[in-house]
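Novice: Everything in the sequence shown is counted per this note's numbering, starting at 1 for the first residue and increasing by one.
It is possible that some hints are incorrect.
If you anchor each label on the Cβ, the simulated ranges turn out as follows [to be verified]:
#1 E194 x T60: 38 to 48 Å
#2 G26 x R47: 24 to 34 Å
#3 N79 x S136: 14 to 24 Å
#4 R187 x D52: 44 to 54 Å
#5 W202 x L53: 42 to 52 Å
#6 Q36 x E10: 19 to 29 Å
#7 E192 x D52: 34 to 44 Å
#8 D48 x E110: 48 to 58 Å
#9 T197 x G49: 45 to 55 Å
#10 Y139 x G49: 46 to 56 Å
#11 P186 x G49: 46 to 56 Å
#12 T197 x R47: 47 to 57 Å
With a Cα cut of at most 20 Å, we get these calculated EDC-like pairs of lysine to aspartate or glutamate [to be verified]:
#13 K173 x E194
#14 K164 x E181
#15 K164 x D142
#16 K173 x D52
#17 K164 x E192
#18 K173 x E192
#19 K173 x D157
#20 K164 x D44
#21 K164 x E182
#22 K173 x D142
#23 K164 x E194
Read the hints as simulated data drawn from the structure, not as lab findings. The C-beta atom is built at its ideal place from N, Cα and C for all residues, glycine as well.
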Amino acid sequence: MRLVSEIAREIVAREGGFVNNPADPGGATNFGVTLQTMRRLGLDLTRDGRVDLADLHALTREDAENIFIEHYYERPRLNLLPHGLQASVFDMYVNAGSNAVRILQRLLVEMGHQIAVDGIIGDATAQAADLASVVSPQYLVDAYGIARRNYYLRLADERPLSRKFARTQRGEKGGWIRRAEEFITPRYHLTEREFQTRVQAWG
């Protein structure tokens, strides 16, 4: 099993450096950490009494990895989930916060487990995930990855400005879709034809 620190390094590498895309509802980010997160955590790296873009620019790769491990893995208690599932949920939590857990909880409810969809990993969610992965751990990992992909596609359906994250200018799978499919067995990846059919309504 990969170490959490290894997964955090992969997430930071995937997120890249400083980005301030007006179409991104998360706002300015550096290594995937948003300015809003910096302010919430009180990370005044420049020690000037305020948390602003200068602090976001000052954030290092190591800082980001530590933030992700503490606030996006340990505090949400992702360690309670089946080992094979943790990397995908961790990656999604960095990208979408507690929605990452809600996606899992909705999936588990669809599988027949009676749990709350509250974005919090408690004993009930952890036990349901364990039960769902007993027969085939990869089945749950694939199902979650597909649910992630569907979440991104629905988000792009509803918010045209977000479509640039789901589909490139050339019409190929965008970063959101490729990111979700990194955790899915290749046979469940959308083919080019399937993807084009799915996003055809976007124009």
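Novice: Mind listing which of the numbered hints don't hold for this structure, in increasing order?
Specialist: 5, 15, 16, 20
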